[in-house]
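Please build the complete structure, drawing on both the sequences and the hints.
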Amino acid sequence: MPETLPTDGARRSDAIAIARVICILGVVYVHAWTGRNGQDLEMLRGSAQEGLRWVLMEIFGRSAVPLLGLISGWLVGGSARTRNWTHHVGRKARTILLPMLLWNAVAILLVSGAAWFGGLSAPLPQSGGWVAQELFIVSRNPDINVQMPFLRDLFLCMLAAPLLVRMPNWALLLVAGAAAISQILGIGAPVLMRASILFFFTAGILARRGGWMDRAAELPLSLAVMPFVLLMSAQLYVSLNAGAGWPPLALSSLDMAVRIGAALGFWRLAWALAASPARGALLRVEPYAFFLFCAHLILIWLGGPVLGALFGPLGSPLYPFYLIVQPFLILAAVVVIGSLLRRIAPTAARVLSGGRLAPA
Numbered sequence: 001m002p003e004t005l006p007t008d009g010a011r012r013s014d015a016i017a018i019a020r021v022i023c024i025l026g027v028v029y030v031h032a033w034t035g036r037n038g039q040d041l042e043m044l045r046g047s048a049q050e051g052l053r054w055v056l057m058e059i060f061g062r063s064a065v066p067l068l069g070l071i072s073g074w075l076v077g078g079s080a081r082t083r084n085w086t087h088h089v090g091r092k093a094r095t096i097l098l099p100m101l102l103w104n105a106v107a108i109l110l111v112s113g114a115a116w117f118g119g120l121s122a123p124l125p126q127s128g129g130w131v132a133q134e135l136f137i138v139s140r141n142p143d144i145n146v147q148m149p150f151l152r153d154l155f156l157c158m159l160a161a162p163l164l165v166r167m168p169n170w171a172l173l174l175v176a177g178a179a180a181i182s183q184i185l186g187i188g189a190p191v192l193m194r195a196s197i198l199f200f201f202t203a204g205i206l207a208r209r210g211g212w213m214d215r216a217a218e219l220p221l222s223l224a225v226m227p228f229v230l231l232m233s234a235q236l237y238v239s240l241n242a243g244a245g246w247p248p249l250a251l252s253s254l255d256m257a258v259r260i261g262a263a264l265g266f267w268r269l270a271w272a273l274a275a276s277p278a279r280g281a282l283l284r285v286e287p288y289a290f291f292l293f294c295a296h297l298i299l300i301w302l303g304g305p306v307l308g309a310l311f312g313p314l315g316s317p318l319y320p321f322y323l324i325v326q327p328f329l330i331l332a333a334v335v336v337i338g339s340l341l342r343r344i345a346p347t348a349a350r351v352l353s354g355g356r357l358a359p360a
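Position 39 (the sequence shown) corresponds to 39 in this note's numbering; numbering is contiguous.
These are computed hints drawn from the structure, not numbers from a lab.
Keep in mind that a hint or two might mislead.
Derived Cβ-Cβ restraints for the label pairs, each shown as a range [claimed, not checked]: (1) Ser253 to Gly312: 35 to 45 Å; (2) Pro227 to Arg140: 30 to 40 Å; (3) Leu318 to Gly78: 41 to 51 Å; (4) Ser13 to Leu219: 17 to 27 Å; (5) Ser139 to Ser253: 21 to 31 Å.
The beta-carbon is built from N, C-alpha and C at its ideal position, and this holds for glycine as well.
What follows is the structure, encoded as structure tokens:
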């Protein structure tokens with residue numbers, strides 16, 4: 001199938017790298033340390049600080065993640081190596097599955113170890129089944145590395161990629177439609193923890209064939225982000241009014257629409273940043289983005305309470321500042337740790353970063 005020629009291949013490559021950085025930094029807000037349990041968070045619902053946390057989570061976290069899946073599908077759709085199933089799956093096992101397993105093992109060792117020996121309020125191994133679920137994410141989300149179902153589901157999408165890239169557009173649309181309906185209905189587990197990942201992965205393949213990313217890049221930034229702003233405003237209104245009497249299917253449909261709008265808006269933002277003065281700094285940290293995605297919850301479990309003793313938990317006067325800077329503090333720690341690993345244990349750095357961090 002003929003492919004639309006790129007309008008600016010180098011800028012698009014930079015935009016993809018930048019999109020990874022801003023999306024993964026945003027994911028940190030979803031898991032930011034609050035110092036509160038679920039009951040306390042519910043009691044603080046409606047407060048200014050909880051509202052700030054919700055906005056950061058939704059705008060920069062959950063709403064940015066779909067673009068990562070879409071980019072993965074877009075890249076797969078243009079790779080000739082994808083059609084060789086054995087080679088393709090072996091490569092993705094090394095760059096997605098193996099790092100996921102190793103980081104889950106590190107999480108159990110460090111976080112549960114700190115809970116056992118240091119009194120950290122964190123999950124402890126309960127059984128062999130619990131350990132297996134934490135490592136392999138067989139049928140439920142893990143208790144420690146709660147971001148890892150994305151990698152699990154992405155790897156499953158990669159297993160199907162050699163078939164997906166051979167499908168005609170109408171068949172891909174059926175797959176995407178089934179995934180979207182599954183996400184809205186809340187079904188998919190234990191095959192897929194989040195069916196939306198398959199939707200955006202498949203949409204990425206279609207976007208490659210149709211030149212959608214180039215067309216989106218040509219839109220004015222204000223126009224590209226407008227659907228996200230309007231849908232996000234509606235979701236904020238519904239959230240503040242405890243659902244506003246909407247049926248669950250309507251809420252799920254709105255959430256899915258918000259994520260589609262976010263993928264468009266964040267891609268156009270990444271395209272703009274690829275031609276901005278921030279381009280150099282963002283590209284310099286991009287090799288650490290995968291490492292950041294995998295390591296950030298471990299650092300939050302271990303380091304959040306330490307700095308939290310200084311800034312206070314959610315509801316404290318200094319907490320908003322701590323909340324806003326958490327992604328950047330964790331990024332700084334990741335750059336230091338990753339750089340040290342590149343020097344003293346280059347093989348470990350390469351494996352844990354999915355091949356992104358080459359020896360120094």
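Problem set entry | Hint check, failures only | none
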